[in-house]
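Following the hints, position chain P against chain R.
Residue numbers (the working numbering), protein chains in the order written: chain R, 1141 to 1548; chain P, 1141 to 1548.
Honestly, the hints are just simulated from the structure, not real lab data. Mixed in with the good hints, there may be bad ones.
Identical copies go unnamed one by one, so any copy, or any two together, can satisfy a pair.
[What the hints assert, rightly or not] Below, a list of computed lysine-lysine pairs in the DSS-like style, where the Cα atoms sit at most 30 Å apart:
1. Lys1398 to Lys1177
2. Lys1164 to Lys1504
3. Lys1433 to Lys1410
4. Lys1311 to Lys1504
5. Lys1167 to Lys1504
6. Lys1433 to Lys1398
7. Lys1177 to Lys1142
8. Lys1504 to Lys1165
9. Lys1167 to Lys1513
Protein chains: 2
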Amino acid sequence: MKIIDGGITSPKGYTAAGIHAGIKKVKKDLALIYSEKPASIAGAFTQNVVRAAPVIWDEKIVKGYKKAHAILINSGNANACTGITGEEDCEQMAALTATALGGQITAEQVCVCSTGVIGVPLPMETIKKGIADIIPELKGDTAHADDAAMAILTTDTFKKEIAIEIEVAGKPVTIAGIAKGSGMIHPDMATMLSFIVTDASLSSELLQKMVGNSIADSYNMISVDGDTSTNDTVLVMANGASETEEITEDSSSHEIFKEAFDAVHTYLAKAIVRDGEGAGKFIEANIKGTASKEDARIIAKSIITSNLVKTAFFGEDANWGRILCAAGYSGVSFDPANVSLAISSDAGSITLLTEGAPVSFDEKYALSILQEKEITISMELGEGVSQATAWGCDLSYEYVKINGAYRT
Amino acid sequence: MKIIDGGITSPKGYTAAGIHAGIKKVKKDLALIYSEKPASIAGAFTQNVVRAAPVIWDEKIVKGYKKAHAILINSGNANACTGITGEEDCEQMAALTATALGGQITAEQVCVCSTGVIGVPLPMETIKKGIADIIPELKGDTAHADDAAMAILTTDTFKKEIAIEIEVAGKPVTIAGIAKGSGMIHPDMATMLSFIVTDASLSSELLQKMVGNSIADSYNMISVDGDTSTNDTVLVMANGASETEEITEDSSSHEIFKEAFDAVHTYLAKAIVRDGEGAGKFIEANIKGTASKEDARIIAKSIITSNLVKTAFFGEDANWGRILCAAGYSGVSFDPANVSLAISSDAGSITLLTEGAPVSFDEKYALSILQEKEITISMELGEGVSQATAWGCDLSYEYVKINGAYRT
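Just chain R, with the same shape it has in the complex (with noise of 0.2 Å):
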């Protein structure tokens, strides 16, 4: 497993475009991404009730027609919260889309992703011209990919793409991905689109469960913000054009795919708190002994979504306790007389709080522990050996001004 230059279109058969169409004023807008080959399709959707519409119509693809050619996604306007008409326009994005691709493809092949304001209806005239427009762009080498990693793109300050590249039985395989933040990020779906694409050969069926698998230890293990956003969406495609035999769960090349697959959703889950609305600093939160590993999880979540931790953070303050508070008040029952607790950085490591007992500590060494950018919280629970990891950022001045005037 090596992690290669490139993005979007490094796995073979695809090509990506990303042009500014109108939605946005000045930034790029609407991206495509194409896989000549029908590709098994999977995915996983945002668990709010509110569902914005393209959610709907791509859950719609994933589970019933399994196969898909394109990824049309939009930023600047979520198409949430538009009703039946936002419902028609999206079908209208995927009509067209299929129609301009030319060929066989169908309006169930293409799946719409959309990002940005609640509430609006798409300005559809725009997007139907930036659809005819971003045709003819679709090209495979890297500087389109990165065209389409900025064109998903909403508050986020940088792209998130990577590629990887395995072998399957002596052949080249890649998987690459792209995805944005920034904000309504948390936990059940952290708020985000990401994209991942290989030339593997995999079922739909099988690709699903990985999924399912990859998406509980990535996305929803990172939190910005605490809001699980309408329009959250992971979309996975083989296209199979490294002509490597199909993987199935009983493929001497499955772990390996696994793995890799794996890390490019941990890569790009991480990529998104790192670049949270308004981040500084960036936190891992490592809890270690708890009775399951689910304890350890609704831990981790909820110490890096307290904005008391992240606010004692953000001013670099050891104020360990809130930490220990926000564990308590998670949900998951453990004894706070068994609790060790450190923090470290590259700048050193510091114990705060063994077994329940406070230790005394430098405030200066720990001052210079928490000016580092990265950040890492170990806690010991002592209550079995279960662990998990999960990442958040600070809260700045920053995050509020950016969220207190988003619209606008």
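Chain P only, in chain R's frame:
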């Protein structure tokens, strides 16, 4: 039922004091509330599994002894996550106070509350001297009631107190309360201390039942930051000094007392939110038309807890999609197509969503509504006839500032 001038000493038979003992640098930090007659005592405590030493102590008194004479409160240090030392310190505070009060009072008749930083041992020498100093200060006048109300505050910017007078069989009975917020405030006993005293005569059992009912619609319906504290405590004393008949569940006066009792709790809960850390706006969420009251409570709390909703109000932005989104991820099932939504304030009222369809609105008029200090969100779900109200505040730069450097 009428609100009267006065504070925690308004009911007969109570004295109070608040002094600067030296736990904080300058402000008052030690308060005492004293009833000469033994009073029925009831309480409610944090649901956090990490519980501060005084929470454990007070719960023992409430459950085991049912009568108390005094409540000693220090601010500036929460005596939480302080291990066995913390428990010993707490017990010593009760014992010293009991001895200093003289007579037949035992340590188990003195409740103790602490609020402030977590994980730092109490400065016991300072507190011992403070206890000796505060006893001679006890008085029944308004000035001393105000001193006590001030001494329990931490980052609060104003004291929270109320006194209500009712008639029980033709004779006056008074209920009074003081409380503190103002961060680590979230449903499941919002982070706070609240002390209510009355000169009515009630058994501790009935008082306990009434506390349980009352907190469900008051403190448990507020949120400042989503963090549930280690120290949340409500304590209620009823000393019977009004010399009115005992109130039982069958009394004709039960309803009027309950109404006044609930009003005291609700007033204090709302005062805590009004003074939420960095809060510039007071947000009320009225949720109607749910299948159960619990559904309405969950949705109301989800909305007022959402960082994205809170920052939108800070930015005076009518970003109603975030409100619907927060309802959608609350865990309650509903059909978004039936939801109607409006916001209102002293400047007017505006409908944003009617049965799932966005209503176009005048942005200038919406801004004029949102520029007010108190804003009401009204949501109708069309799933039933239940309703609930929750109270929250906006999320401001000031919140981040206060919590980025709490310990320093």
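Quick rundown of the hints versus the structure:
For the identical chains of this complex, Lys1398 and Lys1177 are intra-copy neighbours only, at 22 Å inside a copy versus 71 Å across copies, given an alpha-carbon limit of 30 Å. Taking the closest pair of Cα atoms, Lys1164 and Lys1504 come within 30 Å of each other only across two copies (22 Å); inside a single copy the shortest separation is 46 Å, beyond that limit. Only within a single protomer do Lys1433 and Lys1410 lie at most 30 Å apart by alpha-carbon distance; the minimum there is 20 Å, versus 39 Å between protomers. In the homo-oligomer, the alpha carbons of Lys1311 and Lys1504 never lie at most 30 Å apart, since the shortest distance is 54 Å inside one protomer and 62 Å across protomers.
Taking the shortest alpha-carbon separations for Lys1167 and Lys1504, only the inter-copy value of 27 Å comes in at or below 30 Å, while the best intra-copy value is 43 Å. Only within a single protomer do Lys1433 and Lys1398 lie at most 30 Å apart by alpha-carbon distance; the minimum there is 20 Å, versus 45 Å between protomers. For the identical chains of this complex, Lys1177 and Lys1142 are intra-copy neighbours only, at 25 Å inside a copy versus 77 Å across copies, given an alpha-carbon limit of 30 Å. In this assembly of identical chains, the alpha carbons of Lys1504 and Lys1165 lie at most 30 Å apart only when taken from different copies (22 Å versus 46 Å within one copy).
In this homomeric assembly, Lys1167 and Lys1513 come within 30 Å of each other (Cα to Cα) only inside a single copy, at 28 Å, whereas the closest approach across copies is 36 Å.
In this structure, the one hint that does not hold is number 4.
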